[in-house]
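Go by the hints and put chains B and C onto chain A.
Protein chains in written order, with the UniProt record's numbering: chain A, 1 to 96; chain B, 1 to 115; chain C, 1 to 496.
Because the hints were derived from the structure by calculation, they are not lab data. Treat the hints with caution; some may be incorrect.
As the list claims (entries may be wrong) - Just the calculated beta-carbon pair ranges, DEER-fashion:
#1 C:Tyr125 to A:Val55: 34 to 40 Å
#2 A:Met78 to B:Gly69: 34 to 40 Å
#3 A:Ala47 to C:Met481: 55 to 61 Å
C-beta atoms are modelled at their ideal positions from N, C-alpha and C, and glycine is treated no differently.
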Amino acid sequence: MSSVPVPTRRQVLALYKQFIKNSNQFNNYNFRQYFLRKSRSTFKESADLKDTVQVTNMFNEAKKELGILKRQAVISQMYTFDKTVVEPTLKLNHTQ
Amino acid sequence: MFRSLLRANVARSAMISQGPVRFYSPSNLSKTAISSRVIDVIKSFNKTDASSSNPTEITMESSFKKDLGLDSLDTVELIVAMEEEFSIEIPDKVADELTSVAQTVDYIKDHTDAS
Amino acid sequence: MFGRSLVRLPRVVPSNVGLRPSVWSSKIRSGNLSRCYSAAAAEAVKLDEGISIETHTDIQAAAKEQANVRSNDSEAIKSGNTALNHAYQENTGFGTRPIYLDMQATTPTDPRVLDTMLKYYTGLYGNPHSNTHAYGWETNKSVEEAREHVAKVINANAKEIIFTSGATESNNMVLKGVPRFYKKTKKHIITTRTEHKCVLEAARSMINEGFEVTFLGVDSNGLIDVNELENAIRPDTCLVSVMAVNNEIGVIQPIKQIGEICKKHKVYFHTDCAQAYGKIPIDVNDMNIDLMSISSHKIYGPKGIGALYVRRRPRIRLEPLLSGGGQERGLRSGTLAPPLVTGFGEAARLMLQEFDNDQNYISRLSNKLISGLLSLDHATLNGSPNHHYPGCINVSFAYVEGESLLMALRDIALSSGSACTSASLEPSYVLHALGKDDALAHSSIRFGIGRFTTEEEVDYVIKAIQERVKFLRELSPLWEMVQEGIDLDSIEWSGH
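The shape of chain A in the complex, shown without the other chains:
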């Protein structure tokens, strides 16, 4: 494990971006909200990690989780259900 280079700040931020983007892709409202919340808290908690071994482990673990997130976000889009009563059906967007 020690031979694996320690991830840079930019790599961590890029991974975080992937987490947010893929969490956003969930069609299911509850899953989408959960994974956004989970991604935020996980990255915030480990933001102060200094130990390089720990950082590397977290990074590799997170990469595996990203794979799950990507697959499941796609599945969530393949089997979609009606929106829930707290979910706006029209996106408030300027684009037409």
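Chains B and C in isolation, oriented as in the chain A frame:
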């Protein structure tokens, strides 16, 4: 019968080959339109001080970190929100250097085919 | 963006060619599939011919019908229901699917669990009991890993976990299997009146086999009296079965004390942990638990699987319900289902990994919901507020009829009690055991909060309940009398 399938395949491959090609051209949108939308995105982004009960005024000069109180992870989320708003993709290298509202507006204005 | 392009399927069959798969054709003609609720959402999932691959639910169809009836119909209907209509947020740009707050009935399957399971529905299909080839070895390895995960949550050894079809089967195995094995010397079983139906019914069936069963009562908080339990133990008692967290009121029984008493008197202690496993800290050794029933679908795992913990040292013997190939230490014959087992294992692993996060989050939402609901007049929390799992909240709204409240809350998926008994209009036996009268038991509603519940949903529910309880009370003559200060107990109702 099979011809139709063939046609479909051709159509699909054409679609795919078009995919990665991006035509970066200055946006058709006016600068004021872009800035008002950028500011709207920031306002609806619930982590900024702007969405609290005592909102900070967002101006073109507002810095994400100093004025809006966003850390690097929050900024990433804000960039994702911008990407979704304008249907664009901001490369990580560029995103790293966007630290204020004005810079973001300029980037969207100059570098993308935002709609 | 990446996801979207995947779902937008290319045109494969031109519309003028009659190549449509026959299964689809009827659906297309019925025109059902062309309905879409939002242009943006529909665009992402539409085929070229306007065939949506949205999976529509009955709920949406029903709600649409309701909405149409309301908007087209006479003034009379409208004026009667304006308050409710207003509260439904119908046609206001929001979805129609209810908020899910029935986490005690079942929980949504965690996507991470599904991700684990899918492998075993695609490539890894071997029989875990096949030991002559790699297909069997690989699934067997995964099954054993899952067993480790399930055991770890309760500090047990993997060898002590027996996979079953669910907590109902586990409970039956214990309530029937243990007394049957020891029937030569032991004739007595102790359980409580607030147990799940399957424990009560299994115990009752043992009466027919010549056993005696003591059903312990509970106090107004829903807790059993441990002294009463100790006094009930006889020399011929073989089993004590007390659930850890009640499925209707969320009360946590003093499991550790019960374990000590059972150990002292050398009686086997079984606890039904369907609602407790992974949600409150449990340690089978520290708590002297001999047998424990576990359910997978209450912890965001797949339905159709559960487990029974059976202590090995000292060894607990029980007669199996099923005869067969002798899998699962001979206690539960039949081929294991690797997709379900691995899904269950992953769900258990996640319960442990997310324990602190889930606990804090659920407690926070729970406190918010409780204070929001109890801010209504004459609303009471059922069960002990101190010995309580925060994810299960049972509240009585006096002077409101429970069934009509549930009808008025079609936008929130709730239950007035356990799913197994809600088919009947009979009031909850659990609330009866707490000493609640019929009327209050009828006006009780259970709210379940879980990992995937959002704060937005809790806010919506508080607002909706407050509005509609007030609305229904306005219609109630009893409420009018209460407002006028009449003591309802003093009224002599004329009988017909």
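Of the numbered hints stated earlier in the document, which are not met by this structure? none
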